[in-house]
Amino acid sequence: MYFIEPHIHIASRTTDDIQALARAGCVAVGEPAFWMGYDRTCAGGFYDYFRQLTEWEPKRTANYGIRHFAWMGLNAKEAENVAFAREVIELLPKFLDDPDVLGVGEVGLHKCTKNEVTTLEALVELALGRDELLLFHTPHLEDKLLGTRMILDMLRADGRVKPDRVWIDHCEEHTIRFVRDEGYWSGLTLYPTTKVTPDRAVDMVEIYGPERMLVTSSADWGPSDPLALTAFMAAMRRRGHAESLIRRVVHDNPLEFMRQCRRFDFTPPA
Amino acid sequence: MTTTTTASKTLDGEFLGIRCRLIELAASMDRIERSDGPSGDPRIDKIRRGLEIIASDSPDRAERVQLVFSLPYDENWRK
Chain A
1 MYFIEPHIHI ASRTTDDIQA LARAGCVAVG EPAFWMGYDR TCAGGFYDYF
51 RQLTEWEPKR TANYGIRHFA WMGLNAKEAE NVAFAREVIE LLPKFLDDPD
101 VLGVGEVGLH KCTKNEVTTL EALVELALGR DELLLFHTPH LEDKLLGTRM
151 ILDMLRADGR VKPDRVWIDH CEEHTIRFVR DEGYWSGLTL YPTTKVTPDR
201 AVDMVEIYGP ERMLVTSSAD WGPSDPLALT AFMAAMRRRG HAESLIRRVV
251 HDNPLEFMRQ CRRFDFTPPA
Chain B
1001 MTTTTTASKT LDGEFLGIRC RLIELAASMD RIERSDGPSG DPRIDKIRRG
1051 LEIIASDSPD RAERVQLVFS LPYDENWRK
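Each protein sequence line maps, in turn, to chains A and B. Numbering follows my numbering, in which position 78 of the first sequence is assigned residue number 78; successive positions increment by one, without gaps. Numbering follows my numbering, in which position 30 of the second sequence is assigned residue number 1030; successive positions increment by one, without gaps.
These aren't lab readings, by the way, just hints derived from the structure by calculation. Model, not experiment: these values are computed from the prediction. Mixed in with the good hints, there may be bad ones.
[To be verified] DSSO-like mimics (lysine-lysine), calculated; alpha carbons at most 27 Å apart, straight line:
1) A:K59 - A:K111
2) A:K77 - A:K94
3) B:K1079 - A:K114
4) A:K162 - A:K111
5) A:K114 - A:K77
6) A:K162 - A:K94
7) A:K59 - A:K114
8) B:K1046 - A:K111
9) A:K77 - B:K1079
10) B:K1079 - A:K111
11) A:K114 - A:K162
12) A:K162 - A:K77
If we strip away everything but chain A, and leave its shape as in the complex, we get (with noise of 0.2 Å):
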């Protein structure tokens, strides 16, 4: 089966991860915009780093046969430092204008302080006046509740946000709901310890249903498995799942979103 990994750091993982991903049928990845597991000193580290995503890694993973597209903004671990961000925030237009762009993210709230609060508005509004789609992560552990919500409240706020057009990742049992009632798109993370198992994930498409609902591996820098969503299928299959349902979820879902982008440009193999 065909499949499409949404959310993916692919600058953070070897070519033989690329080459397993293709191996298992993956045919498109999504690549946000995050933290590269330190703290940039400067707007060049990120225009660098910009780069590499639009014209570097869409390289590596054409290679296998990968369609690769990205996304553009400022992650959450760095947000505190407003004077830096709005630096680094200016850099993203020039490439939200990239074809293979899909919109702003991942940004959100990491320890949901009153500069990430600000740095996030600045992201949100630069998103907005763009007709950009939108990708939040959500905090870790004990401050995923509180962000979930504080960045609900704040979309809420805006009556220029299009819930459609929106996808609130990282949800998990406790804050799944709250996405879900509010008409967004809601994301279930396979990473491992800090996040949800592939079972757990199966519970919340069985509890919620496939409508809106992705799930992705996020796999990064830290111990994380970019073949995380095959996993997940196996679990459903586990479970009788059908392989309409199946391939809903991790191929039809993250197409449906992903072709909102009006840059979108991409027909999937057969």
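Since chain A is already given, all that's left is putting chain B on it; use the hints.
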């Protein structure tokens, strides 16, 4: 969506994994005890509350355990 299987079949598939994770949990608690003891660390209280939820009969255990380990939401966070 409804599931298409019985509780008994689900338990058939889950039992060994649950048993394994319970033993791991028990071993972790023993490890803490063998150190210089938990000495009132608030995380131990959270673990105990989590275990009580798991042992309870009410539904939505996963969600309720998540809440034990979450910071509370304050609707006045903007102020």
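Evaluated hints:
A hinted pair counts as satisfied when its Cα atoms are at most 27 Å apart, and K59 (chain A) with K111 (chain A) does not qualify at roughly 35 Å. For a cut-off of 27 Å, the pair hint linking K77 (chain A) to K94 (chain A) stands: about 23 Å separates their Cα positions. A hinted pair counts as satisfied when its Cα atoms are at most 27 Å apart, and K1079 (chain B) with K114 (chain A) qualifies at roughly 10 Å. Distance check on the hinted pair: K162 (chain A) and K111 (chain A) sit about 26 Å apart at the alpha-carbon level, within 27 Å; holds.
Of the supplied pair hints, the one linking K114 (chain A) and K77 (chain A) holds, its CA atoms being roughly 13 Å apart against a limit of 27 Å. Of the pairs offered as hints, the one joining K162 (chain A) and K94 (chain A) holds, with about 24 Å between alpha carbons and a cut-off of 27 Å not exceeded. Distance hint between K59 (chain A) and K114 (chain A) is unfulfilled; the C-alpha atoms sit about 39 Å from each other, more than 27 Å. Between the alpha carbons of K1046 (chain B) and K111 (chain A) the distance comes to roughly 20 Å, so the proposed pair stays at or under 27 Å and holds.
With a C-alpha separation of about 23 Å, the suggested pairing of K77 (chain A) with K1079 (chain B) holds against the 27 Å cut-off. With a CA separation close to 17 Å, the supplied pair K1079 (chain B) and K111 (chain A) stays within the 27 Å bound. Between K114 (chain A) and K162 (chain A) the alpha-carbon distance is near 25 Å, which keeps this suggested pair within the 27 Å criterion. With a CA separation close to 26 Å, the supplied pair K162 (chain A) and K77 (chain A) stays within the 27 Å bound.
When the structure is compared with the earlier hints, violations turn up for hints 1 and 7 and for no others.
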